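A.B. asks: Sequence:
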Amino acid sequence: MPSEHEIEPDERGSLEIRRDNIAYSIAFELASGTITTDNVSRENGLSGLDSVCIYFAHALSLSPEEFRTLVLNHYKMYGQYFSMDDTPLEEECDEEEIDYSTTHDVEDDDKATVKAIAMMIRMGLVADDVKSLLNERTPLEQLISYLFWAFDDEEIGEYKLEILGALSDFAGGYYLRSGNFGIDYKLILGNKSSNSI
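Counting with our numbering, you get residues 2 to 198 for the letters of the sequence shown.
If you are wondering where the hints come from, they were derived from the structure by calculation, not from laboratory data.
Keep in mind it's a predicted model, so treat the numbers as computed, not measured.
The C-beta atom is built at its ideal place from N, Cα and C for all residues, glycine as well.
Please note: incorrect hints may appear among the correct ones.
Said to hold, decoys possible - Estimated spans, in silico, between C-beta atoms of each pair:
# : residue 1 : residue 2 : range
1 : G14       : T70       : 32 to 40 angstroms
2 : S169      : E44       : 31 to 39 angstroms
3 : K112      : N74       : 17 to 25 angstroms
4 : K77       : S169      : 22 to 30 angstroms
5 : S169      : E17       : 17 to 25 angstroms
As the list claims (entries may be wrong) - With a Cα cut of at most 30 angstroms, we get these calculated DSSO-like pairs of lysine-lysine:
# : residue 1 : residue 2
6 : K161      : K132
7 : K132      : K77
8 : K77       : K112
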C-alpha cells in the first residue's frame, strides 16, 4: 500500500473522507454504548473500541492508535453537538462526499468479514473474555455487533458460532495471507513476513 505522501491528491481526499466516515460511524456507536472501552481483555489488553479500530486502521493507511484518536475526536464533537443542540456533522455533509463503499453489503461480505474476524482472534487482536458493564458484551461481541449491524444477543451468538467455525479452519493449517483487515479483509504479519504463520 502506498504511503500517504505517494497517494495522488484526489485519492488522498477520498481516503480522508473514507477515514472520517468510518471514524464518525464508530464514534456514533461509542456514544450510543454499542462499542465501549470498559471491557479491556485480560488476554491482550484491548477493549471493544480497540478491536474495531484495529479492524479498519491499516486499510485506511493509519496505525490503530491514529485511527482510535480520530474516532475519539469525532466522539468529543458529539458531546459539543448535544450540548449546543446543533446539527450533527453527518447531516451537514454534501451527498456526493459520503463514501458509500464503507457500508457493509451483508450478502457479499459476510464470509469475508467472518474470516477477517477469525484471523484477528488467531492473531490475538480480539478477545471474548471480559464483558462491558454498559452493554454486557465482550470486545468480540461488540465487533460483531458493529460489523454485522447485529444488536440482538441471539443474532450475535449465531455470528460467533460462524467465526469459531472459521477459526477452526485456521487451526487446521490454513495460511494467513498478508494484507489488510477491514476493507480488504487481509492481514499484515510484519515488515519481513513470510506471509504465513
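A.B. asks: All hints, please: hold or fail.
C.D. replies: Checked hints:
no. : hint                           : in the structure
1   : G14 / T70: 32 to 40 angstroms  : violated, 20 angstroms
2   : S169 / E44: 31 to 39 angstroms : violated, 19 angstroms
3   : K112 / N74: 17 to 25 angstroms : violated, 33 angstroms
4   : K77 / S169: 22 to 30 angstroms : violated, 41 angstroms
5   : S169 / E17: 17 to 25 angstroms : violated, 39 angstroms
6   : K161 / K132                    : holds, 15 angstroms
7   : K132 / K77                     : holds, 24 angstroms
8   : K77 / K112                     : violated, 34 angstroms
The structure is inconsistent with the numbered hints 1, 2, 3, 4, 5 and 8, although it conforms to all the rest.
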